[in-house]
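**Student:** Listed here are the chains, written in short residue letters.
Number of protein chains: 2
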Amino acid sequence: MDFDEFREFGHASIEFIINYLSSIRDRNVLPSVVPYEVFNQLPKEIPEKPEHWREVLKDLDQIILPGLTHWQSPYFNAFYPSSSSAGSIIGELLIAGIGVLGFSWICSPACTELEVVVMDWLAKFLKLPEHFQHASEGPGGGVIQGSASEAVLVAVLAAREQAVVSYKESHPELSESEIRGRLVAYSSDQSNSCIEKAGVLAAMPIRLLAAGEDFVLRGETLKAAIEEDVAAGRIPVICIATLGTTGTCAYDDIESLSAVCEKHKVWLHVDAAYAGGGFALEEYSELRKGLDRVDSLNFNLHKFMLVNFDCSAMWLRDANKVVDSFNVDRIYLKHKHEGQSQIPDFRHWQIPLGRRFRALKVWITFRTLGAEGLRNHVRKHIELAKQFEDLVVKDSRFEIVAPRALGLVCFRPKGDNEITSQLLHRIMERKKIYMVKAEHAGRQFLRFVVCGMDTKPEDIEFAWAEIESQLTGLLEEQALASRKAGNVADLTQHFQIHLTTDNVEKSQ
Amino acid sequence: MDFDEFREFGHASIEFIINYLSSIRDRNVLPSVVPYEVFNQLPKEIPEKPEHWREVLKDLDQIILPGLTHWQSPYFNAFYPSSSSAGSIIGELLIAGIGVLGFSWICSPACTELEVVVMDWLAKFLKLPEHFQHASEGPGGGVIQGSASEAVLVAVLAAREQAVVSYKESHPELSESEIRGRLVAYSSDQSNSCIEKAGVLAAMPIRLLAAGEDFVLRGETLKAAIEEDVAAGRIPVICIATLGTTGTCAYDDIESLSAVCEKHKVWLHVDAAYAGGGFALEEYSELRKGLDRVDSLNFNLHKFMLVNFDCSAMWLRDANKVVDSFNVDRIYLKHKHEGQSQIPDFRHWQIPLGRRFRALKVWITFRTLGAEGLRNHVRKHIELAKQFEDLVVKDSRFEIVAPRALGLVCFRPKGDNEITSQLLHRIMERKKIYMVKAEHAGRQFLRFVVCGMDTKPEDIEFAWAEIESQLTGLLEEQALASRKAGNVADLTQHFQIHLTTDNVEKSQ
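Chains as they are written, first to last, in my numbering: chain A, 79 to 586; chain B, 79 to 586.
Hint data in this document are derived by calculation from the structure and do not stem from the laboratory. Among the hints, a few may not be true.
Each pair may be met inside one copy or between any two copies, as identical chains are not told apart.
Computed list of lysine-lysine pairs in DSBU-like fashion (alpha-carbon distance at most 35 Å, straight line) [as the list claims (entries may be wrong)]:
1. K205 <-> K367
2. K202 <-> K122
3. K301 <-> K246
4. K399 <-> K246
5. K205 <-> K343
6. K509 <-> K458
7. K534 <-> K127
8. K367 <-> K122
9. K246 <-> K343
10. K136 <-> K534
11. K127 <-> K205
12. K205 <-> K136
13. K472 <-> K367
14. K515 <-> K399
15. K492 <-> K515
16. K343 <-> K301
17. K458 <-> K122
18. K122 <-> K205
Bound conformation, chain A alone (with noise of 0.2 Å):
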């Protein structure tokens, strides 16, 4: 490695991405390309000699970021955020520099080290149970997975194993594939799509049970599904329950839930991958009830903490429960100060074995920034929200569809599925500012989300003059292509009239 080149390369770039992110609102935020477009600009084979970097800046440049959405622009209001920072970005070269992996606590002590710290913090910060923190007497803990569907999965797994073994120990007769046979798990028809794929991939079916017309899941919605599935002699696992859904950020209700969870022994975690981010704020505090009896929980640092993807935390209320169910050693991995009881070896409390030192960019981050600085972005979005509910009920032509929460509003224009489809089509063809719809009952609606970094109040007009002069455009389209249309009837009948005292005329 040449060090100066390496320099030279790193300065370069870092002033790539100033230029990008400082610029960033003078592109739009969706590209102009079809399929293949950037695809077929590049070669097709590895060049047999090396090229300067000079070379890969400029295709970066003028092949690729023509090429993507820009998930930073403050004109990105489709998904919940994937929050990025000066730490962050920084953390991540770091990382990379540095070039250690932690899968075991021997292999970096300190990568180890450092997460069980930074969860900690984190644990404290968003005012979680005690009993989550590595720090506390029994045997909890946190660890960074890398998406909040890991997370998922790792709970989904878990409890999927801890149900065998205990079911197997008070029904010995029947056989390990009876048992698993007769499994299953709940969440809310609400619920993320990588639950339902976490089913898929644990082969275990998950109910999805209808959400009330709040968009929330409650404890006797799941009583009800959990009696009838015992009676018919299934076994129930786990449910998981959501804090900011995906369509509308509903929040389920975590205490009736739990209530019926701990009757029935089913593992209850919580995907709180969004809405997470409001458990710091007092004013919040509403959001944490009953996270003292959930088994797991989940929340993406990277959509609210400015973490950059990817960066999932995940607390245990008994990690060993995952340890038990993981755990599948050879010789090579082993090492004198085994023992979770000391140390966790983190390799077991996920599903792959390798695994980024990601704890060094949260570090980084929560440090620049303060426990003051990450509570203040999260008021930030919820005021830029509060922001753009305001604009959207001063327009009598749109409808607020759920309440607004944290940074989403959900809205649509008056009218019927179709209206709402064709408005996001034309704003999605201009490519200012994106956003996607969701459905719930029959009725589809367009999500506007807070996102980007460094997002302003005027971006939030901008966005809000680009939906409703597009729905002033299209409403004007449609009253002409009514009137056109009433024209077309007018000239119809007036032929018909002249056809018909023609053929009168005729046949006389």
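Position chain B against the provided structure of chain A, taking the given hints into account.
**Tutor:** Here is chain B on its own, set in the frame of chain A:
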């Protein structure tokens, strides 16, 4: 984001990396810390106010670095390498700076298309069968997974779901859970722990068949196991073969295994996490024998292609088999260009929903090194391992345990397992180099792997000097202990005679 501060922090971090990597030989490869030593040096809460990044870099230098195991050190000879390069480190910086996610095409078209490009590049570079390329006629293609564990799990889960569907069609009288209860998979007892773990996660037993004395799994062993299982009413699903086992870098016999798999309609996956690097070399063309008959394949770019972790390439002969098994879509994920035949939505090719823009670091690394640079890197590791092997062979106190393969030499001091353990213990206590041991048929041995950034012949000499001098020290200590034991024995005998005489005298 304050861009001036970002620039300053970025430049300082680049210097930090240069300092760390350029002086990495000055550090012991293993740290001198006990559990919780790093943890205890760090505060217990997020600071309320932001701290300056200089403070963070200072602590990184003074608290974190001394607690790390240095994977990029040439004296790290433990696991297979986790390689890195200037292009790849800067690649991570740019990935984080641009900050896009790529779970579907519309999410960031260039992110998906660049992955298609680099996976086809790599398939050609490694001389894989053409049907693994996206650009080929059929349904094949490559995808970047996070790790070999995830690639193996994807193959295992997809094979499982395909088997259930096809067995259900041919045996409609069986329930789905009856079918699932009969599924069985195969691998060698030399395969990586992640394969056994995949069996646990998939709730499908994976039989670890005994490899031959040469550590190789062959078709005849698989055939016997499958026939036994079929006779017992079980359903064979998948065989996970290994090219380059973790213990000794043995190569399973893909040709004979594929013949058996084809006959029994069993999915054949090849885990070439390490040895895949050899595919690129003309002189290793033997390694590629039979690959035209496998269903899927994985190769870790962080092992031999100088792209840092995480980056595990996976190819599928028929990607639809994975997509059909994993697809659980929601309205908010749909877009108008969907359809795998046109362009892949890679979220259906993997476990999680979210995915980083890893193709970017692959692209930068490949272009800045060229195909030539990549091949030279693999050849350099092979040369250095040969150098080490020669040193072992010349010292009659040692023996080679398995044929040297690529960058791995398996050896041990002559004698029993105890002396191997003691030698490793001494070496680990000194922390100058880091090796791990493995075991086959009750026989323990040491693995010396060429790893690290920019490893040179003198680094191999350094490692060998450490190993052979520690054996010398150990043997001297044993000889001394044995002489002392001899003296003690003499002395005891003397006293016994004396005592006896004494007793005799007393009894007189």
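**Student:** When the hints from earlier in the document are held up against this structure, which numbers fail?
**Tutor:** Per hint list: zero violations.
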